[in-house]
Amino acid sequence: MRRAGLILGLFLTLLFTGAAVLSLVWVPQDIEALRIAERMQGPSAAHPLGTDHFGRDILSMVMVGARTSIAVALVAVGIGMGVGVPLGLAAAARRGGWLDEIIMRGNDLIFAFPSLLIAILITAVFGAGAVNAIIAIGIFNIPVFARLTRGAALSLWTRDFILAARVAGKGRARISAEHILPNLANLLIVQGTIQFSLGILAEAGLSYVGLGAQPPLPSWGRMLADSQTMMAIAPHMALFPGLAILLTVLGLNLLGDGLRDWLDPRLRRAAR
Amino acid sequence: MMLRYAARRAVSLVLSLLVASLVIFLVLEIVPGDPAAYMLGVNAQPDTLAALRAELGLNQSATARYLDWAGGMLVGDFGISYTYRTPVAEMIADRLQVSLPLALFALALSTGIALPAGIWAARRRGSAVDVGVMGLTQLGVAIPNFWFAMLMVLVFAINLRWFGAGGFPGWEAGLWPGLKSLTLPAVALALPQASILARVMRSALLDTLSSDYIRTARAKGLTRAQALRRHALRNAMIPVLTIIGLQFSFLLAGAIIIENVFFLPGLGRLVFQAISARDLIVVESVVMLLVFAVIVVNFAVDLAYAWIDPRLRGRR
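Going down the list, the sequences are from chains A and B. At position 245 of the first sequence (counting the first as 1) the number is 244 in numbering that gives the first Met the number 0, and the numbers step up by one without a gap. At position 129 of the second sequence (counting the first as 1) the number is 128 in numbering that gives the first Met the number 0, and the numbers step up by one without a gap.
Just so you know, not all the hints are guaranteed correct.
[Claimed, not checked] Just a few of them, taken from the derived set where beta-carbon distance is under 10 Å, the chain B residues facing chain A:
id: 1; residue: Phe145
id: 2; residue: Ala164
id: 3; residue: Val285
[To be verified] Coverage of chain B stretches by chain A, computed from C-beta distances (three or more under 8 Å per stretch; other residues unrestricted):
id: 4; stretch: 8–21
id: 5; stretch: 87–98
id: 6; stretch: 130–140
id: 7; stretch: 289–298
Derived by calculation from the structure, the hints in this document are not laboratory data. Virtual Cβ for every residue (Gly too), placed ideally from N, Cα, C.
Make the full structure from the sequences, and use the hints.
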């Protein structure tokens with residue numbers, strides 16, 4: 000059962016990342032060409048997922064949309080890890096020090112802000128678009144990784160092999176990089192997968208309200224917003240982009256859970 | 000001990016609020032564009048512009064404006080909206096009539112479904128029920144709730160015509176029409192929250208069910224159901240209550256997209272409209288109010304905890 004979830008998750012993740020990568024070189028139909036005569040057709044052999052209100056092939060749109068979603072969420076996770084992990088390591092290396100205190104209070108503060116509202120605020124203040132969506136989502140990933148890293152690193156600092164490294168004369172920074180960080184890799188990979196899926200959902204929400212990727216760049220949330228007024232006559236336009244989001248997020252969550260069990264059964268309880 | 004703990008938490012509550020208000024104010028300070036110029040349009044005369052800036056208090060220093068704003072909020076004065084020229088406090092009170100019932104409705108749905116489902120799954124761990132509930136919660140956390148909302152509109156509003164597709168008639172129209180128009184949005188909001196809550200309930204209960212005091216209770220002769228009700232459930236409620244507390248404040252703030260799907264005149268839509276109209280004072284105040292709600296709810300949950308479980312008082 001557990002293994003089945005991992006395999007399904009891996010399959011879905013590879014399917015959508017594969018589609019995103021493929022869309023860089025090939026899509027079934029050019030999405031910039033408008034074919035008004037073919038608009039709002041249901042699924043057919045020529046258009047497996049039908050066409051939208053401009054006659055564009057929805058399968059092609061979903062493939063290019065995958066690229067936007069995945070790119071935004073991936074970079075946002077990168078920001079969260081890139082900033083959060085070093086902060087967490089530094090806080091744990093000097094437990095109870097001023098840096099630890101500042102980092103943890105700062106984390107509490109970011110957690111107190113309703114994330115979606117602030118993401119909307121950031122994109123509204125600095126302008127709607129993919130880059131600002133990345134920043135807005137990335138900021139909320141920082142405390143997640145900082146807190147996770149700090150907590151796990153603190154328990155590692157009490158272990159004998161760290162004591163051995165200290166006796167050998169290594170400094171705190173070097174121990175953090177050489178001994179603590181490698182032992183956190185599994186944990187970070189699992190959390191990274193979960194944050195990746197949350198990033199996909201957040202990007203979809205932002206672009207649905209018009210603050211994410213801007214046209215002509217297709218994105219799943221934008222496609223859903225476009226479909227809303229035409230839902231009564233062309234429900235397939237609302238169906239497929241939503242399914243793409245659902246399956247990608249589901250795949251990543253299953254992958255994360257499966258990886259957690261597979262990489263380290265002891266973590267089964269800890270996260271979430 | 001309890002008092003000292005409460006006092007310490009209260010100090011950090013005030014500090015958090017202070018820092019949060021500073022952050023919100025500073026972020027909105029860097030917003031490009033002058034609200035006065037925005038309100039008057041491109042053809043504004045310099046002297047009208049100057050007069051309006053003076054009226055809105057925009058010609059004061061940033062420090063003075065911050066103190067004015069923060070001080071005013073302490074006494075319930077949220078300032079005057081730049082675009083509507085009405086007190087922001089009134090606008091917020093107006094919108095809360097939609098957002099607050101919506102959040103409560105969603106919370107009631109979420110807890111009403113999630114707690115029994117989580118308990119049921121935990122009691123029959125490994126059974127078809129457990130697998131089914133866990134599978135549904137996987138779907139529930141993965142589904143974008145605004146898409147779920149759109150699908151419900153398609154099925155229940157467009158095809159079956161049981162509900163309207165959006166809008167809010169106002170409570171003057173009566174309790175029933177009001178509740179009816181909030182039903183689909185509340186279900187959409189509750190779905191991901193219920194999924195998370197059911198998982199937390201299940202795992203918390205599994206933890207307590209496997210503890211020694213449950214074995215002791217069973218050894219004393221309690222039935223499984225009695226041990227569950229009297230001992231396991233009570234202890235499992237601690238993490239569940241934290242999540243419920245967090246969810247309430249996030250339901251209040253997180254409805255912004257769902258309010259857009261259903262064209263509901265709630266707080267989220269107010270922020271959204273205010274952002275596009277550069278009505279910064281409204282944005283500032285509503286965001287601060289929501290952050291205030293989150294911080295205060297967390298504070299209350301922390302205190303409730305310490306009251307229930309004295310072991311937690313020693314912790315930071």
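Checked hints:
no.: 1; hint: Phe145; verdict: 6 Å, holds
no.: 2; hint: Ala164; verdict: 9 Å, holds
no.: 3; hint: Val285; verdict: 9 Å, holds
no.: 4; hint: 8–21; verdict: holds (count 3)
no.: 5; hint: 87–98; verdict: violated (count 0)
no.: 6; hint: 130–140; verdict: holds (count 4)
no.: 7; hint: 289–298; verdict: holds (count 5)
This entry does not satisfy hint 5, going by the numbered hints stated previously; all others are met.
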